[in-house]
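Student: Chain by chain, the residues run as shown.
2 protein chains.
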Amino acid sequence: MPKGRPREFDIQKALDAALLLFWRHGYEGTSLAALTKAMGINMPSLYAAFGNKEMLFRKALDRYLQKPASYLPMALQEPTTRRVAEKLFSGAIDMAMNPRHPDGCLLVQGALATGPAAAPIRKELNLRRAAAEAAVRRRFEQAITTADLPASVDAAQLACYIITVIWGLSVQAASGVTRAQLQDVAQFAMRCWPNWA
Amino acid sequence: MPKGRPREFDIQKALDAALLLFWRHGYEGTSLAALTKAMGINMPSLYAAFGNKEMLFRKALDRYLQKPASYLPMALQEPTTRRVAEKLFSGAIDMAMNPRHPDGCLLVQGALATGPAAAPIRKELNLRRAAAEAAVRRRFEQAITTADLPASVDAAQLACYIITVIWGLSVQAASGVTRAQLQDVAQFAMRCWPNWA
DNA sequence: CTAATTATGTAGCGATCGCTAAATATATAA
DNA sequence: TTATATATTTAGCGATCGCTACATAATTAG
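Going line by line, the protein sequences match chains A and B. Going by our numbering, 97 is the number at position 93 of the first sequence; the sequence numbering is gapless. Going by our numbering, 158 is the number at position 154 of the second sequence; the sequence numbering is gapless.
Mixed in with the good hints, there may be bad ones.
To be verified - No farther apart than 30 Å at their CA atoms in a straight line, the calculated lysine-lysine pairs in the DSBU-like style are these:
{"#": "1", "chain 1": "A", "residue 1": "K57", "chain 2": "B", "residue 2": "K91"}
{"#": "2", "chain 1": "B", "residue 1": "K41", "chain 2": "A", "residue 2": "K57"}
{"#": "3", "chain 1": "B", "residue 1": "K127", "chain 2": "A", "residue 2": "K71"}
{"#": "4", "chain 1": "A", "residue 1": "K41", "chain 2": "B", "residue 2": "K57"}
{"#": "5", "chain 1": "B", "residue 1": "K7", "chain 2": "A", "residue 2": "K127"}
{"#": "6", "chain 1": "B", "residue 1": "K91", "chain 2": "B", "residue 2": "K63"}
{"#": "7", "chain 1": "B", "residue 1": "K127", "chain 2": "A", "residue 2": "K57"}
Source of the hints: derived by calculation from the structure; they are not laboratory data.
Make a model of the complete structure from these sequences and hints.
Tutor: Structure representation (structure tokens):
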């Protein structure tokens, strides 16, 4: 046990509460007053445990990627690229429509357009979205070497298409569209999967 | 000429300046101080001419839909649904990548996730996005009656797919993706256009 | 025990938020 | 001219923003 007075709150539960708020209201739309209230702690405890608002958001973002958004690395482990794509869509829809947390994707609605003060967070999310697309691209490049995809396919282009549709699904989810509609979109999007040589 | 002291600024140019700020920084990320500076007027003039921040945003939104986002109703006038879809994509990309104004789409990045104070604006944008999708759906429904689309096609599903991809393209545009990449995505998305009976 | 260390609660910092009262300036109407 | 009406300027309102100083409480080390 460390020295000093022990912390009276669960740092993970507090982080989860912060994640939910950032997810629902965005980085700029979430005030520290709302955060401390939802986390059940007061301001000095928040600053001692997480640094400041920006660091708190980054830690909530890490947690988001590890837990609710883990569908993406999971999907990349599917044996065929077609099943990878299908899993990416179904996983994105399941997450964006899970009633246990806000609709949509934190990477998209966390800070898409912000004031100058939140520019570092906006850029961080840009990088994370680009990283997600790069992970999908690498998976497709690998599939070309194993002949699961024809060599004529542009892996980067295919990944950009899949990810673009997923960001679109995230926007739709945040807009109140039904799960069935998103599933129809995903099914439709899979119609242009490469059969071509 | 009306009575009283004449207005010393062009109300349309001021509105355009406000539109650019809202577009780039979102509703919450745009302060009235930044607005008055960019519009070249002071606060009482802004309130006399536009009401308040929310009304100013709504008027900027109207102007956005009439001018930069007019590609959508234009595209719906194309003779065939395939060309409608192609024009929707190319128009969306041209607008979201026009260097004369911020990247992306105001309907998406204006207020996707907000704090409670901006909830009315967020809901307004939800409605406008839904209205855009409904307009595309009606165009496709009409195409079924003229046999440009087979009756087996679900017009609502097709419209939802097209619009979802466009929102995704808007997110990608706001992320710094290149025009060529978006054009590849659009070309790829058109691969699943109905040839089926 | 005392000393050192860490967390909590209270209170409030300076800055910015959206917004407006009051005075002044410039036009038309009589 | 005088009265009326609208716009601009200056100044600052109350509220909230992110953040922190300070005192107090609770633990370990010695």
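Student: So which of the earlier hints does this model not fit?
Tutor: 1, 5
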